[in-house]
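Quick note, the sequences are listed as chains A and B, same order. Under the working numbering, the first sequence has 99 at position 99, and the numbering climbs by one with no breaks. Heads up: take any position in the second sequence, counting from 1, add 1000, and you land on the working numbering.
Calculated from the structure, these hints are not laboratory results. Just so you know, even glycine gets a beta-carbon here, dropped at the ideal spot from N, CA and C. Just so you know, not all the hints are guaranteed correct.
Over the 12 Å line for every Cβ pair with chain B, so calculated as not near, a few chain A residues [claimed, not checked]:
(1) Q62
(2) D85
(3) V114
Below, a list of computed lysine to any residue pairs in the SDA-like style, where the Cα atoms sit at most 20 Å apart [what the hints assert, rightly or not]:
(4) K1107/B <-> R42/A
(5) K1001/B <-> E59/A
(6) K1001/B <-> V60/A
(7) K1001/B <-> Q45/A
(8) K1107/B <-> G87/A
(9) K1107/B <-> A39/A
(10) K1001/B <-> G43/A
(11) K1001/B <-> L46/A
(12) K79/A <-> V60/A
(13) K1107/B <-> N1018/B
(14) K1001/B <-> R42/A
Quick list of the computed label-pair ranges, beta carbon to beta carbon [what the hints assert, rightly or not]:
(15) T1056/B <-> P14/A: 42 to 52 Å
(16) Q1009/B <-> T10/A: 20 to 30 Å
(17) L83/A <-> T1070/B: 36 to 46 Å
(18) G1041/B <-> N63/A: 23 to 33 Å
(19) S29/A <-> T1078/B: 32 to 42 Å
(20) Q45/A <-> I1109/B: 17 to 27 Å
(21) T1026/B <-> G27/A: 33 to 43 Å
(22) P1008/B <-> P108/A: 25 to 35 Å
(23) S29/A <-> N1002/B: 29 to 39 Å
(24) S29/A <-> L1014/B: 40 to 50 Å
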Amino acid sequence: SQTIHQWPATLVQPVGSPLSLECTVEGTSNPNLYWYRQAAGRGLQLLFYSVGIGQISSEVPQNLSASRPQDRQFILSSKKLLLSDSGFYLCAWTGLAGAVSYEQYFGPGTRLTVT
Amino acid sequence: KNQVEQSPQSLIILEGKNCTLQCNYTVSPFSNLRWYKQDTGRGPVSLTIMTFSENTKSNGRYTATLDADTKQSSLHITASQLSDSASYICVVSANSNYQLIWGAGTKLIIKP
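Excised from the complex, chain A in its bound form (with noise of 0.2 Å):
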């Protein structure tokens, strides 16, 4: 079966300080990846996507950046966090990449408090 995971789980962080989030996906092959920002009270916003390794689509223009240096392995950076940063951090994946309707499995999130 499939799995998703993410780290740290929670992290608190100073402004201007760089940022490193991991996802890994296991029990499956060239998943969509995706990443997701979710601040309190508010719907998700989706940040990047990745079709496959190396292809990183951004939907929100920011200070945050991805990678996918592997097949099941993607990476939220920054090299300055900012205040507005803060949020709850999601990833996700969905197989068959370039498919149509099918589900989204989130991991289980990221806290982040920029300080």
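Position chain B relative to chain A; hints supplied.
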């Protein structure tokens, strides 16, 4: 502008009672509509996915309906349990697995 609006914003009901959550959307082109359940501090978990041709879909005590003409959906929860306390999120796919428009969710609290 593609939007998904949910009502009510929050709802408190007693254990054992039924409730209905609403979702209105202005998304075009339409591919499918999904309902997710999100426990506090956890990732969302899918309840149902409905395409244009489906009017209703059930998952245990959860029943979702879709009216593609009026662009409305509802999620009905029967015989609520304490474990149903969560946020319920309506999501509409605009013809692509990448373009998901997320509602802000309805926060449901079940009281004993």
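Hint check:
For Q62/A, the requirement that its beta carbon stay farther than 12 Å from each beta carbon of chain B is met, with the minimum near 17 Å. With a least CB separation of 18 Å from chain B, D85/A remains clear of the 12 Å interface cut-off, as annotated. Every CB of chain B is more than 12 Å from the CB of V114/A (nearest about 18 Å), matching its label as outside the interface. Between the alpha carbons of K1107/B and R42/A the distance comes to roughly 11 Å, so the proposed pair stays at or under 20 Å and holds.
Distance hint between K1001/B and E59/A is fulfilled; the C-alpha atoms sit about 16 Å from each other, no more than 20 Å. Between the alpha carbons of K1001/B and V60/A the distance comes to roughly 16 Å, so the proposed pair stays at or under 20 Å and holds. For the hint linking K1001/B to Q45/A, the alpha-carbon distance of about 15 Å falls within 20 Å, and the restraint holds. With a C-alpha separation of about 18 Å, the suggested pairing of K1107/B with G87/A holds against the 20 Å cut-off.
Pair hint K1107/B plus A39/A holds up; C-alpha atoms about 15 Å apart against a cutoff of 20 Å. A distance of roughly 16 Å separates the Cα atoms of K1001/B and G43/A; the hinted pair therefore holds under the 20 Å criterion. With a C-alpha separation of about 16 Å, the suggested pairing of K1001/B with L46/A holds against the 20 Å cut-off. Straight-line distance between C-alpha atoms of K79/A and V60/A comes to about 17 Å, which keeps the hinted pair within the 20 Å bound.
In summary, the hint linking K1107/B to N1018/B is supported, as the alpha carbons are separated by about 15 Å, within the 20 Å threshold. For the given pair, K1001/B sits about 18 Å from R42/A by alpha-carbon distance, which is consistent with the 20 Å threshold. Against the hinted window of 42 to 52 Å, the Cβ-Cβ separation of T1056/B and P14/A comes to about 50 Å, which satisfies the hint. With their beta carbons about 26 Å apart, Q1009/B and T10/A fall inside the hinted range of 20 to 30 Å.
Between L83/A and T1070/B the C-beta distance comes to about 41 Å, which sits within the given range of 36 to 46 Å. About 25 Å separates the C-beta atoms of G1041/B and N63/A, a value consistent with the hinted range of 23 to 33 Å. Between S29/A and T1078/B the beta carbon distance is about 39 Å. The supplied range of 32 to 42 Å therefore holds. Judged by the Cβ atoms, the range 17 to 27 Å given for Q45/A and I1109/B holds: they are separated by roughly 25 Å.
Taking 33 to 43 Å as the suggested C-beta distance range, the pair T1026/B and G27/A conforms, at roughly 37 Å. Checked against the hint of 25 to 35 Å, the pair P1008/B and P108/A passes, with Cβ atoms roughly 28 Å apart. Checked against the given bound of 29 to 39 Å, the beta carbons of S29/A and N1002/B, roughly 32 Å apart, stay inside it. Between S29/A and L1014/B the Cβ separation comes to about 47 Å, which falls inside the hinted range of 40 to 50 Å.
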